[in-house]
Amino acid sequence: MCAMPERKEAVLPLTGYDREALKFFYETMVKIRNFELTVEKYFFEGEIPGFVHLYIGEEAIATGVMANLRKSDYIQSTHRGHGHTIAKGADLKHMMAELFGKSTGCCKGKGGSMHIADFSVGMLGANGIVGGGFTMATGAALAQKMQKTDGVSVAFFGDGASNRGTFHEAANMAAVWKLPVIFLCENNQWASTTPYLTTTSVADIADRAQGYGMPGVIVDGNDVFAVYEAAKDLIDRARRGEGPCILECKTYRIKGHFVGDPEMYRTKKEVQQVLEETDPIPRFEKKVLDAGVMTREELDSIAARVNKELNEALEYARTSPEPEVSALFEGLYV
Amino acid sequence: MCAMPERKEAVLPLTGYDREALKFFYETMVKIRNFELTVEKYFFEGEIPGFVHLYIGEEAIATGVMANLRKSDYIQSTHRGHGHTIAKGADLKHMMAELFGKSTGCCKGKGGSMHIADFSVGMLGANGIVGGGFTMATGAALAQKMQKTDGVSVAFFGDGASNRGTFHEAANMAAVWKLPVIFLCENNQWASTTPYLTTTSVADIADRAQGYGMPGVIVDGNDVFAVYEAAKDLIDRARRGEGPCILECKTYRIKGHFVGDPEMYRTKKEVQQVLEETDPIPRFEKKVLDAGVMTREELDSIAARVNKELNEALEYARTSPEPEVSALFEGLYV
Amino acid sequence: MKTITFSQATLEAMQEEMRRDERVFVLGEDIVRQGGIFGQFKGLPDEFGSRIIDTPISETAIVGASVGAALAGMRPVADMHFADFVGVCFDEIYNQMAKIYYMFGGQKPVSMVLRAPDGLVNQAAAQHSQSVEAFFLHIPGLKVVIPSNPADAKGLLKSAIRDDNPVLYFEHKQLFPVKGEVPEGEHLVPIGKAKVVKEGKDVTLVSWSMTMNLAIKAAQTLEKEGISVELIDLRTVSPLDKETILSSVEKTSRLAIAHEAVKQGGVGAEISAIVAEEALDCLDAPIVRVGAPFTPVPFARSLEQAYRITPEKIAAGIRGMM
Amino acid sequence: MKTITFSQATLEAMQEEMRRDERVFVLGEDIVRQGGIFGQFKGLPDEFGSRIIDTPISETAIVGASVGAALAGMRPVADMHFADFVGVCFDEIYNQMAKIYYMFGGQKPVSMVLRAPDGLVNQAAAQHSQSVEAFFLHIPGLKVVIPSNPADAKGLLKSAIRDDNPVLYFEHKQLFPVKGEVPEGEHLVPIGKAKVVKEGKDVTLVSWSMTMNLAIKAAQTLEKEGISVELIDLRTVSPLDKETILSSVEKTSRLAIAHEAVKQGGVGAEISAIVAEEALDCLDAPIVRVGAPFTPVPFARSLEQAYRITPEKIAAGIRGMM
Ligand SMILES: Cc1ncc(C[n+]2csc(CCOP(=O)(O)OP(=O)(O)O)c2C)c(N)n1
Ligand SMILES: Cc1ncc(C[n+]2csc(CCOP(=O)(O)OP(=O)(O)O)c2C)c(N)n1
Ligand SMILES: [Mg+2]
Ligand SMILES: [Mg+2]
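Protein chains in written order, with the working numbering: chain A, 5 to 338; chain B, 5 to 338; chain C, 4 to 325; chain D, 4 to 325.
If you're looking for bench data, these hints aren't it; they were derived computationally from the structure. Predicted model, so just to flag it, every value in this text is computed and none were measured. The beta carbon of each residue, even a glycine, is placed where N, CA and C say it ideally should be. Treat the hints with care, as some may be off.
A short, non-exhaustive set of chain A residues, derived as facing chain B with CB atoms under 10 Å [unchecked claim]:
| # | residue |
| --- | --- |
| 1 | T170 |
| 2 | N176 |
| 3 | G217 |
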């Protein structure tokens, strides 16, 4: 049984961060936020179909984790996968086109939001099956180990997904084989309409790590610095061959479960309050401005650049053609 | 999160046990042992077909647990289910006939060893699917709770089965709903040909209880007194509505995984040594004789009675007819 | 008769059966606060309190626990959220729920219903759009029902809950808001009986679930062209009512089958094979199956449209037989 | 040619492919110390060391991890112990392994093989005796192969390992000890092609796996009675080689199909339906399917014997067509 690291919050002084990291944090979080707001708008306008789950409010997690990953590392995402895909470095144009169901999408319009994937940046897929990613990430990590790389795989999962049997099988297997996989819990307090404590037998999902002899660490998931630092330790540990872990990021699902959710199970006030107190983007801005490590102008110019990229992606998606009917019959087998 | 009971061994003085309990312990253990030896013999003689897994060496567990159960309580068994079935009070005649594939068997010859069941004594079935019983026992316990009885359900499982996802889903569900289910681990060190530590990420499976906020207790599974006492506490607790638990009984699989197993993965010596040191039946005999709570004559007369019953069962099984072919098409639907 | 939605019809069935038999209870995800992902359980918690239970995201345990509860004397109705998730609990359905009664020599039936919303809706794509009834046709011990309209939705659900055997109840997601007439008072539809929805003399068209409604449209088009279609709503996939189909084919001499699921290995294959085995002499034309192409369900509108069965595709299939 | 057992043939296939391609590795339960539950992996650990991996009893993770490893560039061969356990990992097969290539727009195929010993053996009863290939016929994206003899066992396994698509490989437990001739040197059997094992003119008999051997016996009996049987070994269940079957039926005008699985919803239904759709005019007799009755596999000898397909049952089915 390994020693359990302490539960984490950020400790590094902001001045200890290099400027590229700070820029990556802000740019990525704003990119995700504005991407999602755009998606929401075009969903309501009837241009984006299907079931769409937004990552709004949880941007610090994908950002803080992915800042530690290489392109060659792998991630397995969830049904709420846009943020992970963006942070892993996918091209917004092909992402947006996918959500619009266009032939230029990263999955040629065959996948859509719940099945977005970009293997070119190591993003091995969103998943319509909650808890479907645990075992696949474990397998990718097995491959990394067998191939003698120091690559890692990250399995993102929700508090709700933590109750799927796949979690247990993957965690045990990864622990026995000391695989470089990070089980990355985004505990956003809700599984669809259900508060997670009503269906989950432990308050801290990271506690389940003990049952596999692996470290379980908890961080404030709305603090990108805290996420970054905790993920860094655990990812470095995995790269050194010391095995898997659970990193639980505490956050909150700001938007409805899916776009269009009537949200009859909670009050607007509850959400508003959480948003005001914990929104990771203003928190980041305040911190870096207070610490004097970035300026308002810098932040604004990053946001402006992001919005330009986003507008181009939107334009690309909207003007791209739908797939030809012939594509239906193509690509079933190699 | 509940308080974790200490790890247990027997503490009650033997003089604290009533005579009926002592007799039940000995009679049940001997009955299982001799039943299994008979089954082994007739398997090798070609009269018992199918896949057969013997409970030899693990008798103290079923016995110590079942001494705390009522007929109306439920158990879910495993592929190694004869011992559980006997200890729960099933009729040996119908059991033996089932193993011989006769129409007078408790499953009319349709089940066999891996699918033996006797609902009349609350034995809800052996299972050819390792780990298949966790969720069903949880459901039976849900029924007991909804029916407002103080009944309990026991899910027997092996060290190997502890790595099935069903364990996790059932444990979480039972914990969230505080169901009266005992997850009863028979850690016999082996999962078929595989030493359990090579595929299981914790040395003590009871440690996994922490991930569900339930007690996890470990006992010497070859000491019927220790099993009885630990099970008593936990079963009483469940009856009081205080929820599920894991009880891990450490034991050893004396025989091959199935009858006919060439056992190329371990030495005869290793087995012999364990047997000499830990066989639950001689251990029981020595203890009660040393303590003067039973006499040699008593023990012998119990064994004689058991053997008589067993011979009758054997005779019954051997002389019973095979099912009529027409039975094939009967009993698919009510 | 009153006109209500399919969703309301299932709700009435639940209410009536839960009032009738207090062993009936409901478990599934997002039932209590949302009334089920499609609102099909709305209001039940108010009347039935703790008999309506929200579960963890643990489909394996949902089905396994339902089996266990049934063995212990309850009559669970489990909700599968989306039928696509049956893979997650397939062993529990296939090796436990379906086999326990037979394999244990008839000691106790597994009296439970597994409800599973299936089919295409809103471009939900590969993992939320599937029709999976064919898997269960091949599993002895299960009953499988699949209504196409509100009246049958109510009558079959009530029969399913009362049936002592395990029943899979597939409800098409597109049907939930569809309105139709439902008889007042006690209304039961027998499991195992197909229904001749409309008599005809030139061709027998067998369908079920949402596709039945497309088949009705196809038949209307064909009537105008002078082709008289006998329409059969299968209603129960297993046990399959071959008598009704065979006697229709004896009359019409032609058979077409339309279903939303992938054609290869679909229920249409079994129906076709039964007729090719037992009534080949009656046939004046090849047996036509209209089913989905052999691909996962694609996301893009253009592709999903090309993928899905339509009245036109059904009509075209039948025209080709005449 | 040399004569080896089916089990040895699969072993040779594994050795040759593992030497050829170091991305190939094996994972499953009880492989390292026992060489697989039927000894079919015996000796591999000596040569390939850490490329032969014992897993926990976690079929879901075995398949899921295989998919993930394939996506990360390996070529796993996973062992399912008993085919009956596919229910445990059905979602991983059905919603992940089968769909990933298509659903993600062709970014990366899932290059893996899932080996699953199936069928009746030693009165193993309801949960260890099943033939489950029909489920996978209905799942687009999978290839499904099912050899009936040592030569095909080797050739199909080698082809499966080299195939970039996910392949299910069903191997009948009764076949493992069966001996047969296997060509020396590189021997590949193409996936997707059925084989005319013996030409005949009165009736086409399609079968596969263990049952193929019973079909051969049935054909010998029938020949003596003057009925000339064309025997087709399906070899691949999906994609199904309908051309070979259709052209045989065009010649013989009669079709029978024999398989060990439950008849209702079995692969026989699809074959029958294809012929009833595309070659009805050729048929001079009803299409006969010989498959297991609609019950779980019973344990008792008398019942299992009544349950199982035999050469006599196949012959009787064909006599009834003439
Ligand atoms: C196996 C499975 N069960 C149920 C669902 C339906 N479903 C989709 S998302 C969701 C809630 C997931 O909650 P969580 O894991 O906490 O992720 P979050 O949505 O909060 O990000 C549910 C129940 C599903 N898609 N797959
Ligand atoms: C789902 C499933 N996987 C694998 C098997 C094959 N199998 C039967 S028993 C067994 C070992 C079980 O080990 P354990 O749970 O420790 O029980 P024990 O046999 O030691 O009593 C295995 C792998 C099975 N029957 N079911
Ligand atoms: Mg959540
Ligand atoms: Mg064991």
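Each hint tested on the structure:
1. Below 10 Å, beta-carbon pairs count as interface contacts, and A:T170 has one with chain B at about 6 Å; its hint therefore holds.
2. The beta carbon of A:N176 comes within 5 Å of a beta carbon in chain B, closer than 10 Å, and the hint placing it at the interface holds.
3. Given the 10 Å rule on beta carbons, the hint for A:G217 holds: about 5 Å separates it from the nearest Cβ of chain B.
Of the numbered hints stated above, none is contradicted by the structure.
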